[in-house]
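In my numbering, the protein residues as written are -5 to 63.
These are calculated hints, taken from the structure and not from any lab test.
Because the structure is a prediction, the values reported are computed rather than measured.
Every residue, glycine too, gets a C-beta built ideally from N, C-alpha and C.
Among these hints, one or two may not hold up.
What the hints assert, rightly or not - Simulated restraints on C-beta separations:
1. G3 to E32: 41 to 49 Å
2. S40 to I(-2): 26 to 34 Å
3. T9 to F57: 17 to 25 Å
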Amino acid sequence: MHPILFRVGPITIYTYGLFIFLGILVAYLITLREAKKEGIRKEIFSSLVFWILIFSFLGARIFYIFINF
-5 MHPILFRVGP
5 ITIYTYGLFI
15 FLGILVAYLI
25 TLREAKKEGI
35 RKEIFSSLVF
45 WILIFSFLGA
55 RIFYIFINF
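Turn these sequences into a full structure, and let the hints guide you.
Following this line, the structure appears as structure tokens:
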């Protein structure tokens, strides 16, 4: 697998980043469908997913710093 999928001017699209994005998108769509079945409003669910993503990336960065320094 190629590490760089393609480049558009100064923007480089990496294969790993694309698949991470696709995984998050598919997980969001599947859980959104399940949330609708349970009667959870889309606005509340989307807000929850947004904060989960923010704190996940923040926690991963803090863990990386803790382990490597």
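Cross-check of the supplied hints:
Under the hint 41 to 49 Å, the C-beta atoms of G3 and E32, about 44 Å apart, fit the expected range. A C-beta distance of roughly 32 Å is found between S40 and I(-2), which places it inside the suggested range of 26 to 34 Å. T9 and F57 have their C-beta atoms about 24 Å apart, which keeps the hinted 17 to 25 Å range intact.
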